[in-house]
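**Q** Chains S and W, in that order, give the protein sequences.
Read in order, the letters of the first sequence are residues 90 to 330 in this note's numbering.
Read in order, the letters of the second sequence are residues 6 to 157 in this note's numbering.
Rather than coming from a laboratory, the hints here were simulated on the basis of the structure.
Not everything, but these chain S residues come out facing chain W in the computed CB check (under 8 angstroms):
hint	residue
1	V194
2	R196
3	L262
Taking CB as the label site, the calculated pair distances span:
hint	chain 1	residue 1	chain 2	residue 2	range
4	S	Q230	W	K12	34 to 40 angstroms
5	S	N148	W	Y52	51 to 57 angstroms
6	W	L136	S	S158	37 to 43 angstroms
7	W	C32	S	K303	27 to 33 angstroms
8	S	L308	W	K97	48 to 54 angstroms
9	S	F309	W	K97	49 to 55 angstroms
10	S	L308	W	Q95	52 to 58 angstroms
11	S	H130	W	K12	51 to 57 angstroms
12	W	Q133	S	Y269	29 to 35 angstroms
13	S	E142	W	I98	56 to 62 angstroms
These numbers come from a predicted model, not from an experiment.
Each residue gets a CB set at the ideal place from its N, CA and C atoms; glycine is no exception.
Chain by chain, the residues run as shown.
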Amino acid sequence: MYLPAKLKFKYIALGCILLVFLFSPFHNFITHIVIFFSRQHIINQETASRRIEELQKQNILLVFKVRQSQFLQQENERLKQALRLQEEKRCTLVATRVIVFDPSVWRRIAVINSGRNHGMREGLIAVDTRGFLVGKIIEVQKNYSRLMLIDDPDFSLPVLIGNDTVGMLKGSLDGAKVMYIDNTEHVNEHDKIWCRIAYVNFPIYIGEIKTTRKSKNSLFWDIEVNLLSENPLLYDIFIIK
Amino acid sequence: MKDKNIKIIIALTVLFLFDVIKPFRYCLATEFIFLGILFVSLHCSLYFSLCTGIVCGYLKDALSYNPAIPGIIVFVLLCVYVDYILRHFQRKIIKIFIIISAVIMYTFFCNMYHTTVTYGFMLFFISQSILIFFLMNHFLEKWILPQEENDE
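Sequences are here, hints too, so could you generate the full structure?
**A** If you want it as structure tokens, here you go:
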């Protein structure tokens, strides 16, 4: 191989220095330095990957915490709403939760976590956070009660439409119907349906008229109701005492 | 055989929990435990299906409020009905007839005492139950009865 004289000298000098370093007492020192830096690099990589893992875990936990706080915020708002309702209407509300449901799809009955020990009794009315009727208590045990929801086929309650039209609300699984309203009475779609309970001094709203039908062979209106209450599976239920 | 029975019991427990907790709210108008008993009576012996029917019916009645017709009776009748038909007719299409007829009969049984239930809800129940049963049957057959399928 052809190399100019100056370059040749440089390569020879570099080779000599390398040989000196490799076989001299500095040899160990150099290897230590090389190992130290390579180890440092590996350790850095390991710590970085460990840190990434930790951060990923923390991220998952934070996502959970954010979701939890969102849920708590929503719950807090609902409870505030209920508290406002209690103050406005001057009544006592007891917050309860649904434990299980009736296994039959042909019934709309829920078991709630308040019983005789919590002051529950048959006939008490349940409302949601906005004060709309959800159902009524039909059976009370020591630690739990059964709540019949409005759309249960056995649910019945005397109700008022508008100002003075009286009828009977009955559940029909996919909603509710108002029965026994004479077809000479004036009822219109979107009229409010409400009820008055003996121990409560304010009206409780249930829903509004969805459809009205007059059949030839009947003396009464066939009225379907659009219920206003929230789904009891998702939210708290309040019992008016 | 033991393995199959354990798998069936696990499946029935999950279906019963579905009925009690209602994770799908009231969007799904079907009774999972009824479909489970129908599945068991179609694929297992009368003795085993009767036993599961009695246990599930008892549990269902225990959690129900004044059931018009006790679930224990309905499930036992269902098992006997399915077994009777399967003994006399062997064709595969008979199974489809059994499923549809059982769901329709169950609808009328449950609806006997309620005057306000709409026809819309009944149709909803029948169609959803049949569809969910076929879906459930497809997956449970793969999980519970893969060996038997191979033997056939």
